[in-house]
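Engineer: Read off the chains here:
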Amino acid sequence: MRLSVNVSFSYGSRRVLRDVAFSAERGELIAVIGPNGAGKSTLLKCISGILKPEGRVELDSLDVLSLPPRERARLIAYVPQSSYPEFNFTVREFVEMGTYFTGGSVDEALAKVGMLERGGESIMKLSGGEYQLVMIARALAQNPRVMLLDEPTSHLDINHALLVMELLSFLKEEKILIAVLHDLDLAIRYADRVIILSSGRKVWEGSVGELTPKILEGVYGSRFEFVEGKLGRGLIAALDSKPLNPL
Amino acid sequence: MRCRTIFTVLLLLSAIFLFAGVYIGSVSLSPSDVTSSLVYGIERSLPGFSNPSAKPRFFVIVWELRLPRVLMAYLVGISLASAGVASQALFKNPMADPYLLGISGGAGVGAAVGFEYFPSHVSLLAFAFSLLAVYTVYSVSKVNGRIPVDTLLLSGVAFGFMAGAVTSYFVSIGKNSHLTYMWLMGSFSASGWGDVAELSLVLALGLSFFLWKWRELNLLLFGEESVTLGLNVQRFRKEVIFFVTLLTSVPVASTGIIGFVGLISPHIARLLVGPNHRRLTPAAALIGGILMVAADLVARTVARPTEIPVGIVTAMMGGPFFLYLLRKHKRGELKR
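For the protein sequence lines, the chains are Y and P, in the order given.
Be aware that the first sequence starts at 42, since it is given in my numbering, and climbs by one per residue.
Be aware that the second sequence starts at 451, since it is given in my numbering, and climbs by one per residue.
Possibly wrong hints are sitting among the right ones.
Claimed, not checked - Residues of chain Y placed beyond 10 angstroms of chain P at every Cβ, according to the derived structure:
| no. | residue |
| --- | --- |
| 1 | Met42 |
| 2 | Arg97 |
| 3 | Glu99 |
| 4 | Asp101 |
| 5 | Phe128 |
| 6 | Asn129 |
| 7 | Gly139 |
| 8 | Trp245 |
| 9 | Lys271 |
| 10 | Arg274 |
| 11 | Ser282 |
| 12 | Lys283 |
| 13 | Pro284 |
Unchecked claim - Below, in silico cross-link-like pairs of lysine-lysine (DSBU-like), each with a Cα-Cα straight-line distance of 35 angstroms or less:
| no. | chain 1 | residue 1 | chain 2 | residue 2 |
| --- | --- | --- | --- | --- |
| 14 | P | Lys505 | Y | Lys166 |
| 15 | P | Lys688 | Y | Lys93 |
| 16 | P | Lys542 | Y | Lys166 |
| 17 | P | Lys542 | Y | Lys216 |
Said to hold, decoys possible - Part of the chain P face toward chain Y, derived, beta carbon under 8 angstroms:
| no. | residue |
| --- | --- |
| 18 | Asn668 |
| 19 | Glu675 |
| 20 | Val677 |
| 21 | Thr678 |
| 22 | Leu679 |
| 23 | Leu681 |
| 24 | Asn682 |
| 25 | Val723 |
| 26 | Asn726 |
| 27 | Glu757 |
Since the hints were derived computationally from the structure, they do not count as laboratory data.
This structure is a prediction, so every number in the text was calculated from the model and none was measured.
Quick reminder that beta carbons are idealized off the backbone N, C-alpha and C, glycines included.
Build the full structure now, drawing on both the sequences and the hints.
Structural biologist: If you want it as structure tokens, here you go:
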């Protein structure tokens, strides 16, 4: 199973993505990183069909962009950037929405994120981390081949962020996973492959082992240092420009 | 289980209010006057009826005046409430009501023009202008075949103000402005069996669509993203706009612009059965029907023997409730 992407996208006359091409396979977690406004979220929205890009998105040579939404939802699930839940659905009702047109299993999805016992609770009473897990469960309930996650760890405390990343490490064995990550530290620890976007172009792609501080410096403008410790590899960043001094 | 109880209570309340609506009025009747007239009326409409001499007293009041009127109030309440639920899902906004698409504004202009120049075609003009209004709001908002709901909402509001100005113009220069004015507030005093039949047909279509599409309405709350859950969101929005227009413009054309019921009923229903449209739409519809029958009852008895427009009653009930919702909204609890 192989997802190949080659898309461009414009909002009116403003070019947001320019010939961003890559392919993804099962068994690896792909992190899309890059500065604010690079087009990372737009890329996920193009692949998931929320936006209509120019170009192609193919899953094993099946053109997914031309599929009707129902059929696409069985193949590709999208986990939006976490926001505060606005309606008082129960956890079960919320996850069920993933199954309306796909026929997946709610129980299975809830069990995978460890929330099976909590189906009756209101999503508005969950913590940010728990809500993120429920959103992932909704995507899992679609029983998709591909999962796209837009900043799955933003707003989460470090423990929930790690919990989500570990969950993704297991899921990548059965699904193609592409996640936009702002946290570079988590990206280099958990991703297998990294795609860097800047100003709507893909500027670098490679395995996480090939990523060097110099590459990141070229994209972000900060200085970087990789460090090795007992718990694994980490990243230290420092501002390279003159700091803003409000005093 | 709890939901079943709620629906049973709502159905019982419907029956009670419908009966009360027929029973109470400016002419005092006894309960047996009402039941004998109802029984006679039903018998008369069955095939093989032959006993024309036994017509009960007050039959005309019960069967020809009050019953169609009360039924009409109930059906209009159901229409506006279910259109309200769908509008709130469409706009992803709990402050939305079915009039936001420009229907009330257009209907007001149509009625004002009608009362001044074509007094025998007021309903028809109100209906035609409300469709024209929705079409205008819709066309202005459409971008490349898509309908961004934020734009739709804003153009609906802007159109409402313009239509209000045009209506006010006709009211201020017209000779029949008191009629226009009364019409704008809404009334069931002229409702007959014809109106009931017409609206039943429309309601059968529109309400079954919204009941059938409860999953799609749930997904609509996620806006553009709902496409990733399998909803053809652009097409479904157009269908929702069509059926909201149907369920709103037909009652408005025959009874005037009755506010607040389409806004409040979904909220009360949400408090009772939650946000899932599988239960929300039927609950809101029943609540809308009950509220409208109750409001009409107040409208024709509070200043007996004069009737006040039912829109005054719904606004008096709805206004304070709306303010209460606004206050809750500030605390971020509104959508619960």
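Engineer: Each hint should be assessed against the structure and marked as holding or not.
Structural biologist: Right, here's what the structure says about each hint:
| no. | hint | in the structure |
| --- | --- | --- |
| 1 | Met42 | holds, 19 angstroms |
| 2 | Arg97 | holds, 18 angstroms |
| 3 | Glu99 | holds, 18 angstroms |
| 4 | Asp101 | holds, 19 angstroms |
| 5 | Phe128 | violated, 4 angstroms |
| 6 | Asn129 | violated, 4 angstroms |
| 7 | Gly139 | violated, 6 angstroms |
| 8 | Trp245 | holds, 28 angstroms |
| 9 | Lys271 | holds, 40 angstroms |
| 10 | Arg274 | holds, 33 angstroms |
| 11 | Ser282 | holds, 36 angstroms |
| 12 | Lys283 | holds, 40 angstroms |
| 13 | Pro284 | holds, 36 angstroms |
| 14 | P:Lys505 <-> Y:Lys166 | violated, 61 angstroms |
| 15 | P:Lys688 <-> Y:Lys93 | holds, 19 angstroms |
| 16 | P:Lys542 <-> Y:Lys166 | holds, 20 angstroms |
| 17 | P:Lys542 <-> Y:Lys216 | holds, 32 angstroms |
| 18 | Asn668 | holds, 6 angstroms |
| 19 | Glu675 | holds, 5 angstroms |
| 20 | Val677 | holds, 5 angstroms |
| 21 | Thr678 | holds, 4 angstroms |
| 22 | Leu679 | holds, 6 angstroms |
| 23 | Leu681 | holds, 6 angstroms |
| 24 | Asn682 | holds, 5 angstroms |
| 25 | Val723 | violated, 11 angstroms |
| 26 | Asn726 | holds, 5 angstroms |
| 27 | Glu757 | violated, 40 angstroms |
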